[in-house]
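Below, each chain spelled out in residue letters.
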Amino acid sequence: MSKENPQQSTTFWIFFAFIVWIFSFWGFLSSKLVLTSDALSYYEHTKFFVENLSHGIYPLWDPFWVNGAPNDFFLRRIGALNPFYLIIILFKSVGIPYTLSYLWFLALYYWSGMVAFYLLAMRIYHDRFIAYAGYLILLFSALGTRLFDSYMMLVTVPLIWFFYFLVAFSQTPRKHFFLGLVLFFMILAGTYIPFYFLIILGLFLVLFFLTFPDQIPKLWGRYTDFFRKNKILTVLSLLILSFSFLPLITFFHDSSQGQMILPARHGDAGLGHTLIVPRQTLDWGAVEDLFYSSFFSNLRQYKFAVVYVPFFSFIVLFLGLIGRITRRAVFIFLLGMVLFCSIVPHGLPFYDFFYKHIFILKYFRNLHFFIWFFLIPLFVLLVLEHWKIFTEIKITNSRQQLSLFLYVVGVHLLAFLFVWQRKDAVSSTYVMIALSLVLWSLIVLRRRKANIGRFALLTLLVLVQPLEAYHYLSLNAAPYFSSAYVYNFSFSTLQLKDSNLLTPENTSRAKDTLYYASGGYNFIYQNIDNYPLARYLQNKFILVDHLEAVEPNQINTTVLEYNFLTNNNSAIVFAKAGEGVKLNSNDPYPPAQAMPIDENSTFFKLLAFDANHARIAMDIPYQKFLIYNDSYNSNWRVNINHHQATLYETNGAFKGVWIPAGHSIIEFDYGSWWQYLMNILLSILAFIFLAGLIWYACLSVRYED
Amino acid sequence: MLSKYLKLILTRNIFLYLVCFLLLWRLLDYNALLRNTIPQTLSRLTPPIDYFTEFVDKKDHYNLFILTNCINYHKAVMHFYPVQKAEALGMLGFCYERLGKQSQSIEAYAQAIAANPDYFWPYYNLGVIYYRQGQYSKAADYFLQAIEREPVRTIVLLARSKVYNDVKLSKNNGPYDYLAGLKEGRTEAYILLMDSLSKTANYEQLWNIAIIGIKENPDEQSIFYYYAGLAAFYEKSYQKSAEFLQASLQNNPNNSDAFLYLSMCFQAVGREDLAKEILKKAYLLHEQGSDTIKPYLTAARVRFF
Numbered sequence: 228m229s230k231e232n233p234q235q236s237t238t239f240w241i242f243f244a245f246i247v248w249i250f251s252f253w254g255f256l257s258s259k260l261v262l263t264s265d266a267l268s269y270y271e272h273t274k275f276f277v278e279n280l281s282h283g284i285y286p287l288w289d290p291f292w293v294n295g296a297p298n299d300f301f302l303r304r305i306g307a308l309n310p311f312y313l314i315i316i317l318f319k320s321v322g323i324p325y326t327l328s329y330l331w332f333l334a335l336y337y338w339s340g341m342v343a344f345y346l347l348a349m350r351i352y353h354d355r356f357i358a359y360a361g362y363l364i365l366l367f368s369a370l371g372t373r374l375f376d377s378y379m380m381l382v383t384v385p386l387i388w389f390f391y392f393l394v395a396f397s398q399t400p401r402k403h404f405f406l407g408l409v410l411f412f413m414i415l416a417g418t419y420i421p422f423y424f425l426i427i428l429g430l431f432l433v434l435f436f437l438t439f440p441d442q443i444p445k446l447w448g449r450y451t452d453f454f455r456k457n458k459i460l461t462v463l464s465l466l467i468l469s470f471s472f473l474p475l476i477t478f479f480h481d482s483s484q485g486q487m488i489l490p491a492r493h494g495d496a497g498l499g500h501t502l503i504v505p506r507q508t509l510d511w512g513a514v515e516d517l518f519y520s521s522f523f524s525n526l527r528q529y530k531f532a533v534v535y536v537p538f539f540s541f542i543v544l545f546l547g548l549i550g551r552i553t554r555r556a557v558f559i560f561l562l563g564m565v566l567f568c569s570i571v572p573h574g575l576p577f578y579d580f581f582y583k584h585i586f587i588l589k590y591f592r593n594l595h596f597f598i599w600f601f602l603i604p605l606f607v608l609l610v611l612e613h614w615k616i617f618t619e620i621k622i623t624n625s626r627q628q629l630s631l632f633l634y635v636v637g638v639h640l641l642a643f644l645f646v647w648q649r650k651d652a653v654s655s656t657y658v659m660i661a662l663s664l665v666l667w668s669l670i671v672l673r674r675r676k677a678n679i680g681r682f683a684l685l686t687l688l689v690l691v692q693p694l695e696a697y698h699y700l701s702l703n704a705a706p707y708f709s710s711a712y713v714y715n716f717s718f719s720t721l722q723l724k725d726s727n728l729l730t731p732e733n734t735s736r737a738k739d740t741l742y743y744a745s746g747g748y749n750f751i752y753q754n755i756d757n758y759p760l761a762r763y764l765q766n767k768f769i770l771v772d773h774l775e776a777v778e779p780n781q782i783n784t785t786v787l788e789y790n791f792l793t794n795n796n797s798a799i800v801f802a803k804a805g806e807g808v809k810l811n812s813n814d815p816y817p818p819a820q821a822m823p824i825d826e827n828s829t830f831f832k833l834l835a836f837d838a839n840h841a842r843i844a845m846d847i848p849y850q851k852f853l854i855y856n857d858s859y860n861s862n863w864r865v866n867i868n869h870h871q872a873t874l875y876e877t878n879g880a881f882k883g884v885w886i887p888a889g890h891s892i893i894e895f896d897y898g899s900w901w902q903y904l905m906n907i908l909l910s911i912l913a914f915i916f917l918a919g920l921i922w923y924a925c926l927s928v929r930y931e932d
Numbered sequence: 023m024l025s026k027y028l029k030l031i032l033t034r035n036i037f038l039y040l041v042c043f044l045l046l047w048r049l050l051d052y053n054a055l056l057r058n059t060i061p062q063t064l065s066r067l068t069p070p071i072d073y074f075t076e077f078v079d080k081k082d083h084y085n086l087f088i089l090t091n092c093i094n095y096h097k098a099v100m101h102f103y104p105v106q107k108a109e110a111l112g113m114l115g116f117c118y119e120r121l122g123k124q125s126q127s128i129e130a131y132a133q134a135i136a137a138n139p140d141y142f143w144p145y146y147n148l149g150v151i152y153y154r155q156g157q158y159s160k161a162a163d164y165f166l167q168a169i170e171r172e173p174v175r176t177i178v179l180l181a182r183s184k185v186y187n188d189v190k191l192s193k194n195n196g197p198y199d200y201l202a203g204l205k206e207g208r209t210e211a212y213i214l215l216m217d218s219l220s221k222t223a224n225y226e227q228l229w230n231i232a233i234i235g236i237k238e239n240p241d242e243q244s245i246f247y248y249y250a251g252l253a254a255f256y257e258k259s260y261q262k263s264a265e266f267l268q269a270s271l272q273n274n275p276n277n278s279d280a281f282l283y284l285s286m287c288f289q290a291v292g293r294e295d296l297a298k299e300i301l302k303k304a305y306l307l308h309e310q311g312s313d314t315i316k317p318y319l320t321a322a323r324v325r326f327f
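From first to last, the protein sequence lines are chains R and H.
With the first sequence counted from 1, adding 227 to any position gets you our numbering.
With the second sequence counted from 1, adding 22 to any position gets you our numbering.
Extracted from the complex, chain R is given alone in its bound form (with noise of 0.2 Å):
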């Protein structure tokens, strides 16, 4: 970090600023504080994959959410192509337990999203001072706390690294560059949602072309150029980024079929798809989330979900309106107000006429993202903007250079009285202003500083109120508890029968509205009452003697209830007419009662199990028909000793089969080879693409050098 080596101090400072940044959260990177809300669920759901995946397993279905359901779902939600999930293997490897290894990998794919942004910034401004102030802006804004309680930072931070490699690649059209361009865009594509990705996308080019037409020439040359040169790496990559589509579309094409639904998104959207969401999930947008993070100001109540930024940037953004107006500033700014304006759907007119004729608005809710995914980097990019502004006012004389003094005071002096008025702030805020006077007017008097003098006070003064507000903020979470996440079991094992005492009167009778469930399991839980369902469901397997076929959705659900509340030795199958089902057992005796199946039950054995796969072992005397309470789904195959049977759909979400007499070999599969195929594949080329990055990187620093 010697004045003479720029890099070296300013890599110094990027990791101490990390490292403050890990103190600032400790409580949640060392698990002593909870992870919340959708942080939660997506912890669980990518330790469902990671430790799978670490198995050699694609879990393409998840027998332990609601009774079954598709994985697929949760795969797109986490984004299983993003081969950086790997770092969770790698730590598990070492013997680090899922929980630290998930939060560190949360960390440490935060910080290369920050690391990203520099290098954004240096391509933009070319100067590491500016570039770092909006690395250490972005690095302690509320982005950070959002890994404890969202989900946003997976498409945050891929999409910052998207920006940086187009902005690269369009600057110096490199290997490595392009690979990191299709390499994120495959990230973001492979998301359930990307649509937020496609809009910020799309925005940008128009937006670009609109600000910047005399570039268009340029970067065409510079793109056909690079393309005539890598005409194999071009086509090849495409082509995958093509098929990266194809996970989400098969998607798409499973939720249309009603087999997967998601009730609570869903709401009342009506007859549509089932991915569709109605009108009045909108009404919280990026106006609502900006109009209650307002009620924040005491940073002493800090929680999450409150959009914050550190105040260091108003005092920046406000330095800079007396500068000139730049294309650049025109640009970054139009991009985030017309992104802004479109995405507020009461009191401006956009939002409605886009949700109209712009199909895919329909699919997602959550406008106020927006602000998280890309708003809070443009505003600091906005603010960067102001500083290059404001340090490029020319001074020619000592007059201007003592008005130019002047305007920083009265700007530090507004921003302490507006503080000071408001009488909650923290006291690290008037700290910031003090100390950000010191620097602007050093910066005005164009005193020059040694590096590691510049470089200290600003790091000081942009942390030090931020890690007051985090210090709150974790006063204000909820510590650990044991039962804090629900998937902390075994993946490979099932439990045959639940053993909690069930009585009507310690089974809640009130009914949630669920948030994803296969369309049979909803419509059952929908219409029998919670007791006999859950008496019913403590058995993972059931035998029974007896069956009555109806027509898919022609089913009784009061007989059902009875069925299950007296375990009555008879089930109900899904069957169209004129197709023949067998409706009863060989047994000359059989019982009148329905043979729930447990551990001692002898006949009975689990040789093998997993996310998409159930191997039993029967032996019984006379044929009976197998229930497995899980539910049903047309990509389910079963085998009885290797020949294919017919899987049932049996009271009304679950699998059922019939198991003829004597000792049968019993195998339920889930999904198609080439469903397995897509997945795996574009895994493996995600990881190809990055690995091709980070060799072609190395190579161009070594040509470099």
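It is worth saying that the hints were derived from the structure and are not from the lab.
Ideal Cβ placement from N, Cα and C applies to all residues, glycine included.
Treat the hints with care, since some could be wrong.
FRET-style restraints, in silico, Cβ to Cβ [stated by the list, open to error]: (1) R:Asp510 with H:Lys26: 45 to 55 Å; (2) R:Phe250 with H:Lys26: 27 to 37 Å; (3) R:Phe250 with H:Val174: 57 to 67 Å.
Fit chain H to the given chain R structure using the hints.
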């Protein structure tokens, strides 16, 4: 010269922002925006009311955080729903008192009274705060004003209140029986008023209040007869005092305080033996922990239903 300055102004960043914001302001339907934003935001600001209605006295940070959130929320309600100001201020007073900020609590309750003089609870709560501070004269003043409120007006107020509706919604069919709460609050206000009057030696008024209370509170007759007896005793009407105290003991034979004053009555009229015997009984009952009035006095806390 002018064009130079004009050019200077028109090329500044601030000009760009001003133009954009003016354009936006022209397009914006401010009322439509607020119609959605305010209720949505308030709904999200709503603190976990289940928690703070349990009158938690913990001094930990979480408690502080929840109460601070409550303050934040009710300030917002007060700001955006002026018709709910009294109840919101009442809640603010409650939260401040729980945080130990008594002066702010008193200020909030006083403002709540100014916003709606019919609202029972701020009077009651101010009485409790002053009672606990040992300012019995002020306490008596507020308790007196509290019992003078028309209960039906408070009930109407609570029934229409968003603040109270939030409480109702926080636990479906929860134990938030405002009517029973108000009844209980009025009885407590009477008892605390009578105790404040006795502590300020205002026996004449105490006697009157006790007589009114006997008519209004059939459930707690023993306590009212007791205070009537106490007032009569200090007014030197020993005969009347003994009658009241005996009536009190008829309603509650374990009222040790009534026995104590009954003993003093007998002592005052020279029946020492009987007085000693009754005093012994009073002592025994006191030892057994069967004080009737003390629990009311020590348990008095600010409340909102």
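Going through the hints against the structure:
no.: 1; hint: R:Asp510 with H:Lys26: 45 to 55 Å; verdict: 50 Å, holds
no.: 2; hint: R:Phe250 with H:Lys26: 27 to 37 Å; verdict: 53 Å, violated
no.: 3; hint: R:Phe250 with H:Val174: 57 to 67 Å; verdict: 59 Å, holds
Comparing the model with each earlier hint shows a violation of hint 2 alone; every other hint is respected.
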